[in-house]
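Dock chain B against the given chain A, drawing on the hints supplied.
The listed protein sequences derive, respectively, from chains A and B. The numbering of the first sequence is numbering that gives the first Met the number 0, which starts it at 0 and goes up by one. The numbering of the second sequence is numbering that gives the first Met the number 0, which starts it at 0 and goes up by one.
Heads up, a few of these hints could be off.
[As the list claims (entries may be wrong)] Derived list of chain A stretches under chain B, where covered just means 3 residues or more per stretch with a C-beta under 8 Å from a C-beta of chain B:
1. 11-23
2. 71-82
3. 86-95
Simulated from the structure, these hints should not be mistaken for laboratory data. Idealized CB from N, CA, C, for every residue including glycine.
The lines below spell out each chain.
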Amino acid sequence: MNLLENKAIQIAIKNIKDKTRHWQYLVFSLGFGVMFTLLFYSFLGREIFQYSFPGMIIYITAAGTTSAAISFAGEKTSGMLERLDTMPTGRKNLFLGALLSETFMVSLQIIIMFILGYVVLQVPFKGIFELFIGFFIAVLFGISAVGIGIIISGIAKTPEIANAIALFYYLPILFLSGSLWPFESAIVFFTPPYWAKQVFLQITVLGDGLFDPLYSSSLFGPTGTAQQLPITLFGGLLIVIAFTLAFIILGIIIFQKKTKF
Amino acid sequence: MSVSKESIAIEIKDIKKHFKEVKAVDGVSLKIRKGELFSILGPNGAGKTTLVRMLTTILTPTAGDANVNGHSILTGKKEIVKKIGVCPQVITIYEVLKAEENVEFIAIMHGMTRKEAKEKTRKILEDFGIAGRKDWSKRFSGGMQRRLNLAMSLVFEPEILFLDEPTAGLDPQARRLVWDYIRDLKNRDITIILMTHDMVEADSLSDRIAFIDQGKIIAEGTPTELKEKYGSDNALEVSFLEQEDLEIVRDNIKNIPFVVNWNESSRKERNTLLISFQGGLKNLMKLLQQGFIDSIDEVENIKFRQNSLEDVFLNLTGKRLRD
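If we strip away everything but chain A, and leave its shape as in the complex, we get (with noise of 0.2 Å):
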């Protein structure tokens, strides 16, 4: 079968024209990573930027939930989840479509970051080994958004609800996980964004390997608060990919619960 006829490879391709075909969404919602990144680096000057720029990244890349919670809230409110159902679609069909379309786009928007970033603004990092393990670790926690992001369309009645559920859980989480800048706290331990954006720093910023302890936090140096932990970058690692999982698996049970009758 050609790739093209694969239902999931046709569903990712019509959601990405639906969010690309609105110049809008396009540019605020690409945009927001480059204006918070020009803000914050103007601010903070390169050297401090660098310990921060993880975390902006990883902020922008949350805002896959938003994207996902209305775009699912979208098709359920139109009634055009319920013309899929009386198709041989298959909801699998729809949820991978879903999670590939939603991958490109924030994959799409960390490359923005990244040329802005490391090209244009010249923020210093490690190597180039170490930002392809950081880009992975941005996409795995994208689409950890994403599951989110399903959960809320699952819950929500309307995209506009989705869209204010969305916002009101990803602004207070983010500074809670100190992400946008840093929060020495216990708290952010059970942040999924805190993982993300420690592990991603350490490796790109710092060079470290994933066997090397994990900080509480960017406030690294001999005036810095940072706290060694007694878990490894590989262990940060491993509390992304299980947050993920439980997210996409919690995401598609709650949505399939509140969509079938």
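Just chain B now, kept in the frame of chain A:
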């Protein structure tokens, strides 16, 4: 009338759907033959959409079962959805996709190859008069969007088609186009289940009709059968220029056997006679001949009201279909 199992497209067996205290569908049994155009008529909230949502496997019944194309809706969802097309009342299209992208997407969801999907899409868009449009479908007129909505449910040539108010909001010309297409589908032996409020549409297209009210089927039959059994008499309302003419006609019709009754009224200087009579157009011609043509020269106004499905529903339930 007994029907062989092979000729049945849909068999509904005492199906029920209750939402807590609300009995949306309450023990419906029906047999719909292959190639038949079967209309389900009823007011809003009568249970017709719930019934169809069960038949299209969206809703699970509270009790009972139905066989669609030989498969139970409880256990055969995968097989059923391969053969049915559903055209929802609400226009359900991807607005930022072009017409051909919308239709092709649905074709591929039904397992067609891209080549097949492109070919079928081109053909159906031509049939519906929306070929060649290269802009997003959200820029289409309401009528064009509705035709696209219908094209999307037909591109994969379903064996059974569920149409929910397919002509709602269409202008008369577009409505005729859709009716012609539906008649064409009938000729191709596609079983069509039509839900509509439009009595003229149901009357002119349907082979058989079921009236549903409060979750139950209250009458079923061909349009003619239903009108004969439950309908009203035909009526002719005539306004005369002169009171004398009214009296002449009144005396003439007294002895016509198929005239049931008549009422006279004089309002706003208009002399009106309302004549109820049995039978069809043949009797109307006789009535005009015997009552009017040989006796008077002129009338001011004449109106003929034919026994309709609206009357059937009114007589069965005491309410109008749009109440």
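Verification of the supplied hints:
Look at the stretch 11-23 of chain A against chain B: 5 of its residues bring a Cβ nearer than 8 Å to a Cβ of that chain, three or more, so the hint holds. Counting residues of the stretch 71-82 of chain A whose CB falls under 8 Å from any CB of chain B gives 5; the rule of at least 3 is met. Counting residues of the stretch 86-95 of chain A whose CB lies closer than 8 Å to any CB of chain B gives 3, which reaches the minimum of 3, so the coverage claim holds.
The earlier numbered hints are all upheld by this structure, with none contradicted.
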